[in-house]
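Chemist: Residue numbers (this note's numbering), protein chains in the order written: chain X, 1 to 307; chain V, 308 to 614; chain F, 615 to 921; chain W, 922 to 1228.
These aren't lab readings, by the way, just hints derived from the structure by calculation. Cβ coordinates follow ideal geometry from the N, Cα and C atoms, glycine included. Some hints could be false.
Derived lysine-lysine pairs resembling DSS-like cross-links, with alpha carbons at most 27 Å apart [unchecked claim]:
no.: 1; chain 1: V; residue 1: K609; chain 2: V; residue 2: K541
no.: 2; chain 1: F; residue 1: K757; chain 2: X; residue 2: K143
no.: 3; chain 1: W; residue 1: K1064; chain 2: F; residue 2: K757
no.: 4; chain 1: X; residue 1: K252; chain 2: X; residue 2: K296
no.: 5; chain 1: F; residue 1: K910; chain 2: V; residue 2: K541
no.: 6; chain 1: V; residue 1: K450; chain 2: V; residue 2: K463
no.: 7; chain 1: F; residue 1: K791; chain 2: X; residue 2: K252
no.: 8; chain 1: V; residue 1: K484; chain 2: F; residue 2: K910
no.: 9; chain 1: W; residue 1: K927; chain 2: X; residue 2: K143
no.: 10; chain 1: X; residue 1: K177; chain 2: W; residue 2: K1077
no.: 11; chain 1: W; residue 1: K1137; chain 2: X; residue 2: K143
no.: 12; chain 1: W; residue 1: K927; chain 2: X; residue 2: K234
no.: 13; chain 1: V; residue 1: K545; chain 2: X; residue 2: K280
no.: 14; chain 1: X; residue 1: K143; chain 2: V; residue 2: K450
no.: 15; chain 1: V; residue 1: K559; chain 2: F; residue 2: K848
no.: 16; chain 1: X; residue 1: K6; chain 2: W; residue 2: K1159
no.: 17; chain 1: V; residue 1: K541; chain 2: V; residue 2: K605
no.: 18; chain 1: F; residue 1: K643; chain 2: F; residue 2: K848
no.: 19; chain 1: X; residue 1: K156; chain 2: X; residue 2: K177
no.: 20; chain 1: V; residue 1: K450; chain 2: W; residue 2: K1173
no.: 21; chain 1: V; residue 1: K545; chain 2: F; residue 2: K848
no.: 22; chain 1: X; residue 1: K156; chain 2: X; residue 2: K216
no.: 23; chain 1: X; residue 1: K177; chain 2: W; residue 2: K1173
no.: 24; chain 1: W; residue 1: K1137; chain 2: V; residue 2: K559
no.: 25; chain 1: X; residue 1: K143; chain 2: X; residue 2: K234
no.: 26; chain 1: V; residue 1: K336; chain 2: V; residue 2: K313
no.: 27; chain 1: V; residue 1: K605; chain 2: F; residue 2: K791
no.: 28; chain 1: X; residue 1: K156; chain 2: W; residue 2: K1159
no.: 29; chain 1: F; residue 1: K916; chain 2: V; residue 2: K484
no.: 30; chain 1: X; residue 1: K216; chain 2: W; residue 2: K1098
no.: 31; chain 1: X; residue 1: K285; chain 2: F; residue 2: K866
no.: 32; chain 1: F; residue 1: K757; chain 2: V; residue 2: K559
So the derived list for chain F, only partly shown, Cβ under 8 Å to chain V, looks like this [stated by the list, open to error]:
no.: 33; residue: A782
no.: 34; residue: N783
no.: 35; residue: V785
no.: 36; residue: A789
no.: 37; residue: S793
no.: 38; residue: V797
no.: 39; residue: D798
no.: 40; residue: L814
4 protein chains.
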Amino acid sequence: MSQQFKGIIPPMITPLLSNSELDFKGVEKIVNHLIDGGVHGIFVLGTTGESVSLSYQARRDLIEQTALNIKKRVPLLVGITDTSIEESLNLATLAHESGADAVVATPPYYFSLGQEELFEYYWDLADRLTLPLFLYNMPSMTKISMSVETAVRLSKHPNIIGLKDSSANTVYFQALKYSIDRVDFALFVGPEEIMAETVLMGGNGGVTGGANLFPKLYVKMYEAAVAHDFETIKVLQKQILEIATLLYTIGKYNSSYLKGVKGAASLLGICNNYLASPLKPFLDKEMTQISNNLEKIKVHLKESSLI
Amino acid sequence: MSQQFKGIIPPMITPLLSNSELDFKGVEKIVNHLIDGGVHGIFVLGTTGESVSLSYQARRDLIEQTALNIKKRVPLLVGITDTSIEESLNLATLAHESGADAVVATPPYYFSLGQEELFEYYWDLADRLTLPLFLYNMPSMTKISMSVETAVRLSKHPNIIGLKDSSANTVYFQALKYSIDRVDFALFVGPEEIMAETVLMGGNGGVTGGANLFPKLYVKMYEAAVAHDFETIKVLQKQILEIATLLYTIGKYNSSYLKGVKGAASLLGICNNYLASPLKPFLDKEMTQISNNLEKIKVHLKESSLI
Amino acid sequence: MSQQFKGIIPPMITPLLSNSELDFKGVEKIVNHLIDGGVHGIFVLGTTGESVSLSYQARRDLIEQTALNIKKRVPLLVGITDTSIEESLNLATLAHESGADAVVATPPYYFSLGQEELFEYYWDLADRLTLPLFLYNMPSMTKISMSVETAVRLSKHPNIIGLKDSSANTVYFQALKYSIDRVDFALFVGPEEIMAETVLMGGNGGVTGGANLFPKLYVKMYEAAVAHDFETIKVLQKQILEIATLLYTIGKYNSSYLKGVKGAASLLGICNNYLASPLKPFLDKEMTQISNNLEKIKVHLKESSLI
Amino acid sequence: MSQQFKGIIPPMITPLLSNSELDFKGVEKIVNHLIDGGVHGIFVLGTTGESVSLSYQARRDLIEQTALNIKKRVPLLVGITDTSIEESLNLATLAHESGADAVVATPPYYFSLGQEELFEYYWDLADRLTLPLFLYNMPSMTKISMSVETAVRLSKHPNIIGLKDSSANTVYFQALKYSIDRVDFALFVGPEEIMAETVLMGGNGGVTGGANLFPKLYVKMYEAAVAHDFETIKVLQKQILEIATLLYTIGKYNSSYLKGVKGAASLLGICNNYLASPLKPFLDKEMTQISNNLEKIKVHLKESSLI
């Protein structure tokens, strides 16, 4: 079932016309940009997509528009993360009707659950879903880290087909890899800086935010890691780290990464530079930094024929 | 403006018919129970009301039904906490139309804002609201503690009329009291164990969860604190701590308090023992403990003529 | 046994001649300053005393010199906090030989213990001590908060006579007060901003850092709280909060409080402005702020005849 | 300078005769066990060595005895982590006199420093040391994570020659690798589960606790990673994860890893099963689990000729 899920599945940024309104044309544009870049799937309504900041109307529109524009060229994964399971199920129903291939959910993120409660929540959710479910470990936002034991127990549900880990903790990732006894269970990593090494050590791919900007780079890196091509890995890793360093750390916000991705995307003509409230785009002086840094990055990517 | 807000304003538990469906008759029952107990206001859709776990339909129904049943006998405060400002505003509009007196909002709780971003978020929200706003500091759930400086800056917005602090940190509470230079700015405290002392030191009242069970106890304590009646304070504080100790610490869940309030409320005939997903009611053996402990508490409350 | 411990027991700052060398004459000076101010005891080698930053030679000298200068006029409490129980015991032996009245210890603060391990640690320590022991809850530094249950169990050891809580969480403090069934068990609070309210609610006193600067202010506040004299409490609380606001929050360091107390003490002629490595005194511009703020504070204290 | 530091440098467990007394003969035994296993260096007085729990006498004895037994066969690194810089320097002096090759220090771990203060602390320490210094990032114990920027600035000090990262966060590790512009700056990783992948991605080796038990396994893994020998990596990674899973997670203590290493070492005849206070060895039933699990591990290691 999850065999189809591997490689680079970017967490698609959400194109907006203001700090709340969806940009329908922007959705078409970015979907084509990603597929032209060779990505293996598209994930909407994740953290990078600012899912929980959007109105439900905007979330529903985004699901439909993305499905419409993908036209089944690559798998579509839809985030249904919510504090209310009823609203998660509503989004999942629409995702199914729109032709999505799987849904993705973090733990509920207001009340702090224990591991047993987390297990019961996910098991219940998976029972009630008609699409397969990816678990999404995101402790910095949700205040809870799914234990390896909980993940192992959940991996036995036939409708739970994989896990995306955004903890950046590869000890945890390796423990999952070792402990989950199911060959068709897909393990994806969030942070792009460690996508190569997790694939080298048995991971199935990356949900890499930078692929919104330069999809080919991350696709090539995934392929190099699968092929154990260390010469290429070394070159591309430097470029991936350059992007993370020059674009995601401006301004010392907790959301510098999100502001950086969207700011750079706007300079590359991929979408407007609006973030949904409560986040805001970079200030002008910060955008000047992004602009200058982007020029450096583009020079290096051109040298490697990656743009 | 906020002069009307003082005393005991319980965070009303949400009566349910299942783990998702609102109990309309239950709303009537608990509203009357609280008003009969002498409370000075009612706050729906707070943490104790499991707000973010409810579907939006249930939240809307709850607002309307509560307003309908209060019939303007006491002020109604409505929680509009959300990760999406659009959805907060939708709830606020309905609250206003239903006759509510104020709204209450925690910071957005998925993305971690900085203090400046938090200030801008609240200022923007207050600008767009038609009802007055209470800030709600709830760091254990939202991952952010509003700084004293941010609260001081926000207190200058004419539409922001008070703050409810659930941090349990009274150094913070005293710093707010000292720093906010506006006599009509209302400071409420969350944890009932420290309601008396914060009122003694200048606070305006408490959003005390235990008042769902025994409203008279907390109303009497508020009055004793206002009157500096230490003989009464001493007696009642023992009972308030007995309730917290015997009802809120069973089972070592993060949500032992919520399970305890609702479990005890069901035994007292106030509402059913359903919690909204992802939380669940206490197990049978835990309910046996609650039942036994409740008997002890009732003996003591009867001795003080508080039930 | 602990009946003798009540009131204001300042956590004495450690006078230094450099960032590591003890100022023997400074010890005499500050001891007399505190006793002249009416304090009910002196606590050396606490957090405010920068205990763990000092060499063991300096710690030993400080114990001996303080005892020598106190001359039994008030009780002496000695901090023996350490990650090595052997070194704690060495300090305790010297404290006893020097004439100290009790010792004080936080949990070990490198390895994170569980509650059962914490209980065993303290029980073992108390067994091996010849002086009575105060528990010291200091979660921000030690990464562990002693549970109420652990404190209750430890309160049954005949050699454990009290607890100092620096958590700032008065829900916790009230739970201790309610749960510890021993009239001669002394509960002290750390943060001076909440000393009055904890004494009003049954606490035994405060380990107030500001008493290094203005001992009379905190002694008067303690007396006012014991007497339920709210007129005085209101006036003094404003001054106590003014001190905390104007002296302890400069420069946004984690150690702004420590830098502020020592900086102000140096301006008041109480001791030199050296902090032990790794901390450093305020920069010149920060000292200018402290100096200006101190003038304001002194005007208000003079109006109340407190200096 | 740091060219000599690479490969497997185990954080040596400290052999004890009780919960406080050093086992001199045990030191000889384990030193030879490690060197016979092919390790590239030995690190004493780290977290695994329970450094901060030992009396200073025991620490001094351990430094001397280890140096005496190594007889310059491999480099010796000595932990000088302390809350008092004076005591760190005392240990460093003895380390130098005993013939150690480098010292290692975490940040001070009682007071929480800011990044600028952390920079100044380490720069000052490096200035005053006569041996080269390894930085040691250990946020779970010290409450502070050294920022990449701080590490970059510190890497410019000629006496700071490397960094050991125990954060388990490989995004951080990759950022260090990318940002530190000095070829002879050695980057070591703590958790053994991710040693292979960090070496594949440019790391210099591992400070792997499990090497106390099975040094050859980790040495072979290091060599396989350097050689990009994925067939071997796959086999050994499974064994490394089996050890971590079966030996380090018994009993749900924060210190399960430490208890597990020492418990297993005692069963393997490497040293006694004493931990320094405040930690304690596993209970009997937990040791039974360790014993059973160890048998499974040994079967697998024998199959691979690693014991």
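Chemist: Run every hint past the structure and note whether it holds.
Modeler: Hints, verified against the model:
1. V:K609 / V:K541: Answer holds: K609 of chain V to K541 of chain V is near 16 Å, not above 27 Å.
2. F:K757 / X:K143: Answer holds: K757 of chain F to K143 of chain X is near 17 Å, not above 27 Å.
3. W:K1064 / F:K757: 8 Å, holds
4. X:K252 / X:K296: 21 Å, holds
5. F:K910 / V:K541: 38 Å, violated
6. V:K450 / V:K463: Holds. K450 of chain V to K463 of chain V sits at ~24 Å (cutoff 27 Å).
7. F:K791 / X:K252: 43 Å, violated
8. V:K484 / F:K910: 20 Å, holds
9. W:K927 / X:K143: Violated: K927 of chain W and K143 of chain X sit about 37 Å apart, past 27 Å.
10. X:K177 / W:K1077: Violated. K177 of chain X to K1077 of chain W sits at ~38 Å, over the 27 Å cutoff.
11. W:K1137 / X:K143: 39 Å, violated
12. W:K927 / X:K234: 20 Å, holds
13. V:K545 / X:K280: 48 Å, violated
14. X:K143 / V:K450: The given pair, whose Cα atoms are some 8 Å apart, holds under the 27 Å limit.
15. V:K559 / F:K848: Outside the cut-off at roughly 39 Å; violated.
16. X:K6 / W:K1159: 22 Å, holds
17. V:K541 / V:K605: 18 Å, holds
18. F:K643 / F:K848: 31 Å, violated
19. X:K156 / X:K177: 14 Å, holds
20. V:K450 / W:K1173: 26 Å, holds
21. V:K545 / F:K848: 25 Å, holds
22. X:K156 / X:K216: 35 Å, violated
23. X:K177 / W:K1173: 21 Å, holds
24. W:K1137 / V:K559: Violated. K1137 of chain W to K559 of chain V sits at ~44 Å, over the 27 Å cutoff.
25. X:K143 / X:K234: 34 Å, violated
26. V:K336 / V:K313: 23 Å, holds
27. V:K605 / F:K791: Holds, at roughly 22 Å.
28. X:K156 / W:K1159: 21 Å, holds
29. F:K916 / V:K484: With a Cα-Cα distance of about 23 Å, the restraint between K916 of chain F and K484 of chain V holds, given a limit of 27 Å.
30. X:K216 / W:K1098: Between K216 of chain X and K1098 of chain W the Cα gap is close to 23 Å, so the pair holds against 27 Å.
31. X:K285 / F:K866: 25 Å, holds
32. F:K757 / V:K559: Measuring from Cα to Cα gives roughly 20 Å; hence the hint holds.
33. A782: 4 Å, holds
34. N783: Cβ of N783 of chain F sits 5 Å from chain V, so the hint holds.
35. V785: Holds: closest Cβ of chain V sits about 4 Å from V785 of chain F, inside 8 Å.
36. A789: For A789 of chain F, the interface hint holds, since the closest Cβ of chain V sits about 7 Å away, which is under 8 Å.
37. S793: Holds, because the Cβ-Cβ distance from S793 of chain F to chain V comes to roughly 7 Å (cut-off 8 Å).
38. V797: 14 Å, violated
39. D798: Violated: closest Cβ of chain V sits about 19 Å from D798 of chain F, beyond 8 Å.
40. L814: Nearest chain V Cβ about 6 Å off; hint holds.
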